[in-house]
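Here is what each chain is made of, one letter per residue.
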Amino acid sequence: MHELHEMSGGTTAVPHMRRRLHLVSFRLLRGAIVYLGFVAIFVLFSVALRDNGFLTIENQLNILRQTAFVSVMAFGTTFALSAGEIDLSIGQVVALSAMVTAVLLRDTNALIAVPGGMGVGIVIGFANGLLTTRLRVPSFLITLGMAGIIGGLSRWITQLSPVPVLDATYTFAFGSGSVGPFPTLFLWTIAVLLVAHVIYRRTTFGRQLLATGGNRTAAHYSGINTDRIRIASLVICSSTASLAGLLYVGRLHSARYTLGDTDLLTVIAAAVIGGTSMAGGRGSIIGALVGSLVMGVLNNGLILMGLAVTEQMIARGVIIIVAVALSLREAPER
Amino acid sequence: MTEMSAALADLPAEPVVLAARGIRKSFSGIEVLHGVDFTLRRGEVHGLVGQNGAGKSTLVKIINGAYSQDAGQVEVNGTPLVEGAAGETRRRALAMVYQEFSLIPSMPVGQNILLTCEPIGRSGLIDDGEVRRQAQAALTRIGADIDPDDLVEELPVGSRQLVEIAKAISRDASILILDEPTASLAPAEIRVLTEAIARLTEEGVSIIFISHHLDEVVSICDRVTVLRDGEVTLVTDTRDVTLAGLIEAMLGRSLEGALAYRAHEVDRTGEPLLRVTGLRNGRLRDVSFELRRGEILGIAGLLGSGRSEVMRAIFGIDPLEGGAIEVNGARVAIGGPGDALRAGIALVPEDRVRAGLVREHSVADNIMMASWRRVARGGFVDDGAARRVAAGFVEQLKIRTAGLGQEVKGLSGGNQQKVVVAKNLSATPAVLLLDDPTVGVDVGSRRELLEDVRALAVRGNGVVLVSSEFEELSGLADRVLIMRGGAIHAILDRRAGDDLSNEALSRAVQE
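For the record, the sequence lines run as chains S and P. For the first sequence, this note's numbering assigns the number 26 to the initial residue and increments by one for each residue that follows. For the second sequence, this note's numbering assigns the number 13 to the initial residue and increments by one for each residue that follows.
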């Protein structure tokens, strides 16, 4: 009896091997598809929009500038999704952070305004996390409700009127300036990318985050404080939305309650296209950057093609569905 | 039931409604059923018993069509079952009743019973009144006092099982297969179930009753078939058999390849490694025991006896309502698994897929899941160190994997379980709790796992091993706690000369 079973180990090894190869190749393909897709789109536009100035340095820098907001938020969203959570209030956090920053810049100075604006995201992220874990309500519902509350606050704060920003040092540092050939928006993107990537890939927090998102029960059984991890992931996500708000203020020299209100879908699409699982447990910060660039290049291309705003909206919706479908397809269940 | 079978004895035997003849079945070259015969007569309750792995579930799956046999034939009412649509029609006479798995919790009882065969009214819409009426009729037929409008999720487990049965008979099933129907039922619920079974058999419904509770098999069933290692070892009227006879038929006399107990040193001086006193919560009643360095303490009991609940309570999964846990003589407060691991207690849980692994993550990430901090400085993971630790466990536990980066879902059940064990060992616990660690593990890996458990104790750790395979306990444990109804029913100690054989443990948990 015993020997028979030993033999079975040998005979089953072959199908195992085959299945494994299949899975590995599928995973590699899925991981690479975003990079291949990015290159394909870039080459296509370089040829098709050759005469519309797609390849000019000015246009490329423009893409980098326009992508920064989405990139920064996609990094944060990668954390939330990886922990098995989602933050649907980031668009509204952008607006409220921008409004608070602009008002504080008007009434005080940047040393108070910057921490004040960032504090908005930290506090809201913490509230999202506490409500999600303590009330045991899925974060998509909590943050959806939070989006309403914050949306109201950012309209109420100045009774709908925009707040201009005149602080030149602030606007230089947060989005309008350039250091050498590099726009500060690009430098911010790179800085946040590096910090996020290191935290995500190289720290115990990052590993525990992925374990929590991959299987919360198993993570709990492994002694991981899963509530703490989930709260932290939502704080990080919301904080990147605050930073995006600060960057919008610097870029536009003013704050409005409408800032960020169309970014949510683009941000989630960028993270997902970049290889982050909506179910948690898997993701990539670098992938989120490439995902954001894909969205940015497509957006830029649509504008250069001369599409009207309405046509752009329709095209963008179609592109997001196609791109997300391509990157989210799961390996077939056995 | 027994009165009925007594009456039947004077009459000619009831016709056979289901016959399986010479059933053979192999999985990856290993034959698990060696020509099994099984007959079910009209209106009888037929027990099917055997140890885990004896072939009960394979046989039942062949009967209900989930597997196809390699040789032999299944006949329902004299007609062979065949593949395809014609076979499907005949198979409708058969219904497998699970504990609750085919019910939709958020739907009312009535809609569940008539799911996919709802009566359509003249308007072309579902006739809700008729749904309620037919559901009520089915429930009444088995004497179940359940309102068709109640939501399934609000019913106790016992009632859900009755709903399952009502669902099956409302589809004109004349043969029911009940798989461990009493495992999670309270005594009162078992009585209701027994009555329902009696009503059905009087109507001519036949029932295959699979159970590990031999006392119930003897009292509920008319006949019993015992399987051992894929062969029928006994078919008899339950009137003519005793518990001891059933156990002997199940276990046989010789157990080839069984683990032989080897004495090893147990440190009996000073404070015990682990001492629990008066553990109490909804599922446990005053559980106290000690565990010494180097000792393997077995826990035996039927499903629902509290054997898993003890482990869960000590590890901080289920909150305690009373009692104390001491490690090396010092009281520890355990509010969750994190506290338990810090106190040096690790748990290999009963359900490795749900509670042990992240299936989509690599072997290395899973092994390190509980101990990233040990390979990190200032919060930054040293991946080289992590790989070395993981590689060490892969070698030590002989985990068969394509590499540290392979996703664990590609591993066999046995190797997945070794990863869970490695994860727990990487947290360097002094006490390892294992909750039925060899379920779904092939025989080769199982042996290796058990040898690893023994080695752990030899190195001076303490091990608590819950197992439904009594031969594992006879081969490893120094002492065995017998649990029943959430309390310790008896303690068998090898040093005191108690019999810890497979047979003795089987008897002890049934007593």
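Keep in mind the hints are simulated off the structure, nothing from the lab. Just so it is clear, CB atoms sit at the ideal spot from N, CA and C, and this is done for glycine as well. Take the hints with a grain of salt, since some may be wrong.
So these bits of chain P aren't anywhere near chain S, every CB distance computed over 10 Å [unchecked claim]:
1. Gly141
2. Val370
3. Glu372
4. His373
5. Ala382
6. Lys435
DEER-style ranges, computed between Cβ atoms [as the list claims (entries may be wrong)]:
7. P:Lys73 - S:Arg161: 31 to 39 Å
8. S:Met303 - P:Ser231: 49 to 57 Å
9. P:Arg385 - S:Val148: 43 to 51 Å
Hints the structure fails to honour: The structure conflicts with hints 2, 3, 4, 5, 6, 9, although it agrees with all the remaining ones.
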